[in-house]
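Which chain is which? The protein sequence lines are L and P, in order.
The numbering used here applies: residue 1 is where the first sequence begins, and numbers increase by one.
The numbering used here applies: residue 1 is where the second sequence begins, and numbers increase by one.
Think of the hints as simulated: they come from the structure by calculation, not from any bench.
The C-beta atom is built at its ideal place from N, Cα and C for all residues, glycine as well.
Any given hint could turn out to be false.
Unchecked claim - Simulated pairs of lysine-lysine, DSS-like, Cα-Cα distance not exceeding 27 Å:
(1) P:Lys279 x P:Lys204
(2) P:Lys279 x P:Lys420
(3) P:Lys324 x L:Lys119
(4) L:Lys72 x P:Lys324
(5) P:Lys260 x P:Lys420
(6) L:Lys128 x P:Lys420
(7) P:Lys204 x L:Lys119
(8) L:Lys128 x P:Lys6
(9) L:Lys72 x P:Lys260
(10) P:Lys6 x P:Lys156
Claimed, not checked - Per label pair, the in silico range of CB-to-CB distance:
(11) L:Val65 x P:Thr429: 28 to 38 Å
(12) P:Arg352 x L:Leu44: 52 to 62 Å
(13) L:Pro92 x P:Ala82: 39 to 49 Å
(14) L:Leu44 x P:Asp160: 21 to 31 Å
(15) L:Val65 x P:Arg88: 45 to 55 Å
(16) L:Ala127 x P:Arg352: 51 to 61 Å
(17) L:Glu93 x P:Asp160: 51 to 61 Å
(18) L:Pro69 x P:Ala109: 34 to 44 Å
(19) L:Arg68 x P:Pro446: 37 to 47 Å
(20) L:Pro69 x P:Ala82: 27 to 37 Å
(21) P:Pro353 x L:Gln62: 56 to 66 Å
(22) L:Gly130 x P:Arg352: 21 to 31 Å
(23) L:Gln6 x P:Phe277: 20 to 30 Å
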Amino acid sequence: MERLPQIIAAHAGREGPLLPILHDVQAEYGHVSEEAIRMIAQALNLSRAEVQGVASFYHDFQAEVDPRPVLKLCRAEACQARGVEALAAALPENGRVKVETVYCLGLCSVGPNAMVGSKVHARLDAAKLGALVEALA
Amino acid sequence: MTGGMKLVRISDDALALACGADEVAAAFAAAGCIVERVSSWGMHWLEPLAEIDGQGFGPLLPEDVAAVLAGTSAKAIGPVEAHPFIARQQRFTFARAGKTRPLSLEDYAAHGGWQGLARAREIGPGATIAQVTESGLRGRGGAGFPAGIKWTTVAKASADRKYIVCNADEGDSATFADRMVMEGDPFMLVEGMAIAAHAVGAQKGYVYIRSEYPHAIAKMEAAVRASAHLVAPFELEVRVGAGAYVCGEETSLLNSLEGKRGEVRAKPPLPALEGLFGKPTVVNNVLTLAAVPWIMAHGAEAYAAVGFGRSKGTMPIQIAGNVKHGGLFEVGFGITLGELVNDIGGGTASGRPVRAVQVGGPLGAYHAPSDFHLPFDYEAFAAADGLIGHAGITVFDDTADMSRQARFAMEFCAAESCGKCTPCRIGSTRGVELIDRIRARSGRAPDKVEALPQMHNARKSERSLADEIVLLEDLCETMKFGSLCALGGFTPYPVLSALRNFPEDFGAAPAKEVAE
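Extracted from the complex, chain L is given alone in its bound form (with noise of 0.2 Å):
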């Protein structure tokens, strides 16, 4: 946690300083602990409950490590029209993949669509999606 006083720092100077915060910790730690709840809590005058309240509304916030790899499968509706449901179903089991849902990577017209890291994937197959998981393992 020795970096996180720095963090907290960079942006204490902002209007509404506490998602970017949060933004900086998820992408330094992996998580946002509960030590770093409080940190942030003290720093920023809230109570901890209301960091905590924060951190556990918003999808790209969480609260364990996961050190698994990601892969982001959109599922929206305009991938579910171009197949993605069928290729979701095939896709064999890896437990070394973390394969998570997204609403949405806004490339409707050329789906379905994944992102690995800022990474975009279009049209893709299940032969293309398995070898993305696979890259991946």
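Since chain L is already given, all that's left is putting chain P on it; use the hints.
Just chain P now, with coordinates in the frame of chain L:
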């Protein structure tokens, strides 16, 4: 440029990248070409699209490059600008799409950039608002509220600080126009926000972008830095969402910006009077703000001359889902749904018949082809129990199961509900259970508690399928009229439209027989 070096233009929009644009660009560079990364034309089925001397080639793979350069490629589409998909459009907001490098201030200025801001500064705040009002511009986020009225309210409010907030939390499936603006023409959004700030007297602006759009975030941040001196003393900042769909609702977006849970606020007070940090705030969608520079540069009259009824100007329509020619199609309001799906979209990508078209994202209605006569217009869609929303169109072929789509609408609402109001928080979960029973045709017997003698008002007999459908309609009524915001309030649109237009998928008699 020296003799043999060819200039090749390829988009660096996220969609083009997802389709392999970087690999194709590298292949052109390896073949000795000069590669320029530009915005996307919006013909997504042709991405990655390369443009050489105005001639287009796509969709390309790296191995197609040799044939393209030899002039023998079977993927030649002729002059890009004359392609029927482009030639049929009226591009105001997307006038520069495909033509400029997104982060080049030179390109932006050379293609009409900053003219709107210059004119706004010349004519002053009052006349600027008058222009926006006269243009008839309505909020492009979905509600269709007149932008001029909102700006007037903020301008008239007295406060030491005012804000411009750009809602770039484009979470609706089938919508990508905001993303294309931010990735393809970010200075246009900066200019639109600067005009709004000038008009209402705001000092600070925020662009709230969803975290699922890393490319848009990077481009907007770079554009804000590069143009800071041109919009000063107005200050702009990019803020990143954190994966909550409901933050696309303006009041929960404001809470999120303030560093709170993205819960919806009850209105009034209107954000125009008490918005961000309690100060008067203009909250507009990306497309609304992006339309403003054109209006200011060309005049309100020119904008209002296009359109249909009370829907003035153009709409960047996003054609998506199971469609042959998907992409961005900007055109004046009034084009029919059938033209969009069949003539422009070319029908389904799978080649099967179109069964349903969802208009307006996850909270929009499912229309059957019998609605294809509907003109694209806020009022016409409202009259047909639908909405145009952010103008995303998702096409489904005849393999779609509409009770499954209705279930998904409820499931999505349950996953994304902020939890503040009961109809949305609980109703959506009960809706999923109810549609599951309808799909299983199981009916439902009274449970242990309902069977207790003291439960006087509980039903004692078994519910039939018909009873369950009535119950679903009743639940939808409650959600529609009892929810605080559009998430719970509009989830009934996809559910009820699926039920009414495709009753056979719910075990009821087909729509035609019911009508007779």
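For each hint, the structure was consulted:
1. Of the pairs offered as hints, the one joining lysine 279 of chain P and lysine 204 of chain P holds, with about 11 Å between alpha carbons and a cut-off of 27 Å not exceeded.
2. Restraint check: the Cα-Cα separation between lysine 279 of chain P and lysine 420 of chain P comes to about 23 Å, which is no more than 27 Å; the hinted pair holds.
3. The suggested pairing of lysine 324 of chain P with lysine 119 of chain L holds, with an alpha-carbon distance near 25 Å, which does not exceed 27 Å.
4. Between the alpha carbons of lysine 72 of chain L and lysine 324 of chain P the distance comes to roughly 25 Å, so the proposed pair stays at or under 27 Å and holds.
5. For the suggested pair lysine 260 of chain P and lysine 420 of chain P, the alpha carbons sit about 13 Å apart, so the restraint of at most 27 Å is met.
6. In summary, the hint linking lysine 128 of chain L to lysine 420 of chain P is not supported, as the alpha carbons are separated by about 41 Å, beyond the 27 Å threshold.
7. Taking the CA atoms of lysine 204 of chain P and lysine 119 of chain L, the gap is about 32 Å. The hint is violated against a cut of 27 Å.
8. With a C-alpha separation of about 33 Å, the suggested pair lysine 128 of chain L and lysine 6 of chain P falls outside the 27 Å cut-off, and the hint is violated.
9. Pair hint lysine 72 of chain L plus lysine 260 of chain P holds up; C-alpha atoms about 26 Å apart against a cutoff of 27 Å.
10. Proximity of lysine 6 of chain P to lysine 156 of chain P is assessed by CA-CA distance (about 55 Å); at most 27 Å being required, the pair is judged violated.
11. Evaluation of the 28 to 38 Å hint for valine 65 of chain L and threonine 429 of chain P yields a pass: the beta carbon distance comes to about 29 Å.
12. Between arginine 352 of chain P and leucine 44 of chain L the CB atoms are about 55 Å apart, so this pair conforms to the stated range of 52 to 62 Å.
13. The beta-carbon spacing between proline 92 of chain L and alanine 82 of chain P, approximately 47 Å, falls within the hinted interval of 39 to 49 Å.
14. Remark: the range hint 21 to 31 Å for leucine 44 of chain L to aspartate 160 of chain P is upheld by a beta-carbon distance near 23 Å.
15. Between valine 65 of chain L and arginine 88 of chain P the Cβ separation comes to about 52 Å, which falls inside the hinted range of 45 to 55 Å.
16. Here the CB-CB span from alanine 127 of chain L to arginine 352 of chain P is close to 22 Å, at odds with the stated 51 to 61 Å.
17. Separation of glutamate 93 of chain L from aspartate 160 of chain P is about 58 Å and conforms to the stated range, judged on CB atoms against 51 to 61 Å.
18. At roughly 43 Å, the beta carbons of proline 69 of chain L and alanine 109 of chain P sit within the given window of 34 to 44 Å.
19. A hinted range of 37 to 47 Å for the beta carbons of arginine 68 of chain L and proline 446 of chain P is consistent with their spacing of about 45 Å.
20. Our hint of 27 to 37 Å for proline 69 of chain L and alanine 82 of chain P is violated, since their Cβ atoms are close to 45 Å apart.
21. Take proline 353 of chain P and glutamine 62 of chain L: their Cβ atoms lie about 44 Å apart, and the range 56 to 66 Å is violated.
22. Taking the beta carbon of each, glycine 130 of chain L and arginine 352 of chain P are about 25 Å apart, inside 21 to 31 Å as hinted.
23. Distance hint check: the CB atoms of glutamine 6 of chain L and phenylalanine 277 of chain P are about 26 Å apart, consistent with the given range 20 to 30 Å.
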